[in-house]
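Number of protein chains: 2
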Amino acid sequence: MRLYNVHTLKEAQEVMERHFQFETERVHLDDAYGRILAETITADIHVPMFRRSTVDGYAVRTFDVSGASETMPILLDIIGSVDMGKFPEHALKENQSMYVPTGGMLPEGADGMVMVEYTELFLDQIGILKPAIIKEHIIDIGDDVMQGERVLEKHQLLSARHIGVLAAIGQFEVLVFKKLKATVISTGDELITTSSLLKRGEVYDINTHTLKHHLKHFDIEVVQTHVLKDVKPLIKKTIEHALECSDIVLISGGSSVGEKDYTADIIDELSKEEGVLIHGLAIKPGKPTIVGKVQNKLVLGLPGHPVSALIVMDQMMRMYLNAMIEMKPHEVRGTLTMNVHAAPGKETFVMVKVIDQKIYPIQGKSSMITMMSQADGYIRIGENQEGLNKDDQVIVYLLD
Amino acid sequence: MRLYNVHTLKEAQEVMERHFQFETERVHLDDAYGRILAETITADIHVPMFRRSTVDGYAVRTFDVSGASETMPILLDIIGSVDMGKFPEHALKENQSMYVPTGGMLPEGADGMVMVEYTELFLDQIGILKPAIIKEHIIDIGDDVMQGERVLEKHQLLSARHIGVLAAIGQFEVLVFKKLKATVISTGDELITTSSLLKRGEVYDINTHTLKHHLKHFDIEVVQTHVLKDVKPLIKKTIEHALECSDIVLISGGSSVGEKDYTADIIDELSKEEGVLIHGLAIKPGKPTIVGKVQNKLVLGLPGHPVSALIVMDQMMRMYLNAMIEMKPHEVRGTLTMNVHAAPGKETFVMVKVIDQKIYPIQGKSSMITMMSQADGYIRIGENQEGLNKDDQVIVYLLD
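Line order of the protein sequences matches chains A and B. When you read off a place in the first sequence, starting at 1, and then add 38, the result is the number in the working numbering. When you read off a place in the second sequence, starting at 1, and then add 38, the result is the number in the working numbering.
Hints were generated in silico from the structure; no laboratory data involved. Hints are supplied without guarantee of correctness; some may be wrong.
Since the list gives no way to pick one copy over another, a pair counts as held whenever it fits inside one copy or between any two copies.
Distance condition first, Cα-Cα at most 30 angstroms in a straight line; then the derived BS3-like pairs of lysine-lysine [claimed, not checked]: (1) K124 to K384; (2) K48 to K396; (3) K168 to K310; (4) K270 to K124; (5) K237 to K219; (6) K219 to K168; (7) K131 to K298; (8) K428 to K124; (9) K173 to K237; (10) K217 to K173; (11) K254 to K216; (12) K168 to K322; (13) K270 to K391; (14) K391 to K216; (15) K428 to K331; (16) K131 to K322; (17) K173 to K254; (18) K173 to K325; (19) K124 to K331; (20) K428 to K237; (21) K124 to K217; (22) K274 to K391; (23) K396 to K325; (24) K124 to K322; (25) K384 to K254; (26) K216 to K48.
As the structure is a prediction and not an experimental result, all values here were calculated from the model.
Given only the sequences and the hints, what does the whole structure look like? Please build it.
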């Protein structure tokens, strides 16, 4: 029989950082949404590359129209109009103007724009009804991005907005971290997967469902799921196959130190050099947690209980992915609405609901599965704290 | 030339609600992640369906062991052990006990569990070292979910946690709203899509990138994207084709009332009964917005400017989807860190950054594309407000 070799979460974080690295690849912008930058992006071009008008109107030399008013319009010759996307055919000389649409390029010589609302046509001349201010209604070269400017930092999770900026600077390929693949295995003689009726003593498997879908929250692709009886050779063979096509293997159930708990032994048998790195975490729920390494891949043993499995998996994945991305977007802060007690000597996790920055701990036995559907996330209570008080400010780890 | 027919956002919401409905479909639980429930779910079974132990230990009749202590253990006969997933072979009679693992089913007759830590083996009998409390360490039938109980409400966005609960009650199929499909079209003579070098006057297209990826934020599948020159027959033909395979067509650029703004005319030509429902919104940025309906599908004309297009699209999609789901998860509250001025008579949108519930308005011309990469979302200032003050509590619409 094995014994626990209990670690704190802080130690677990260090183990994760020491043991796991991430590969990178170059992808087209179309495939970059939701990916994490593995390089810092600097602009190769100015944005815009030319002086653009922000209004529909007439490009002018501001000096020419400095005395213009509604009662005394200044008349300018119209020497043409600028087409969108085209280079203006002429430069402005004294007392000349040119029509420029919103987004169009200003001709050489122009240093101001007069909105069409402040102009009036007089035969083939344009009457300017008020003075133009230098650079007003104009975006200058590089106003938005200067060539050589740092635009996005390494480790940035790329959203629609970031991809828009990459498109603006013509960066159509970026270096990102490779997308991770995972296998989820749920073990237990009592687990039933089909929609057939349950016999007494049996329960429907929950963990492949919750773990599989929660991995999507971390943008990890699930390539296989398995629900297995507690049969060691079967579990071992399944893990071996999973390692061929996965970067991460999650196994719920069998992570404790009982008779039918095979995960730790299997991990050690599959990797002589590394194997089990951690067996047992000083957290509640989640003591029976295993962090293992086989062929440079993460093998995670999780408690069988669905709520515990989900919370522990969430914390472990945050730690594992921490070297790739800061997990900030999955957190919010709020104020506790009541006192919460904790298990001394252990980090304690408590499921909570968040409404308007107020945090409501969810009551009920930790064994209850319906807690999951009510909770927006969970809070962490430090190992040296006896609990938290009403009105304390705390961080909530969001569970999507 | 067309004229604007300006509506408020409130009116736009009413138009959306009156004109658009959503279809539903039945899907397997494996495909239910991220979908929106179109039915209320009630449990067909009790969870658990049997009395389960929450510890490894011995099932007892509490009456038998009421006087037990470490110095005076009470000895019980062991009549067997319960296997996980199996129905216990015997019922407990007086002074009998049975081993039950965590999650195992309690035998008939038992009303308490004694943790293995508080027992000692004496030959073929078990010594009980402390009294058992009725129902302690036991989850009773229906403790988690009662048969007939409402488990999830209609309009719930299904996350990993909800799918876990559905699995627990054996609900392997659910009625959800059909996944929506969209086409994104960006129009403008100045737009370049390839990674070739820009000529002066040209810019890279941004809107197909930002709009396409932001639709993923709303779980909408993008089936086509197009970048088109401002040529009316070309744009019309593309919209017609898009309507064959999309529920939503977004067109950026061409939504104003100028010479080359064709979107409104095309929508009216394609649908004699409905066509353009709204042309012009009293918002800033975003006045040139079109809400149209063709073949019961949403055709949305958006401003050409990338920041405006993104904000308007986000607001319009929230309104459109409002009948399917409450958009709460995409909002946070916080405190403004400085005064913000607004355009009177219009709703004003201002891009902001959110750090620890503090809201920092992003400075800079609204024409700047890099604002997008810095912003976490935007705030709304009502049409009758002159602005917002430092320390005001406001809602931020998150842009993923």
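Output the numbers, in ascending order, of every earlier hint that fails for this structure. Failing hints, ascending: 1, 3, 5, 6, 8, 10, 13, 15, 16, 17, 19, 20, 21 and 22.
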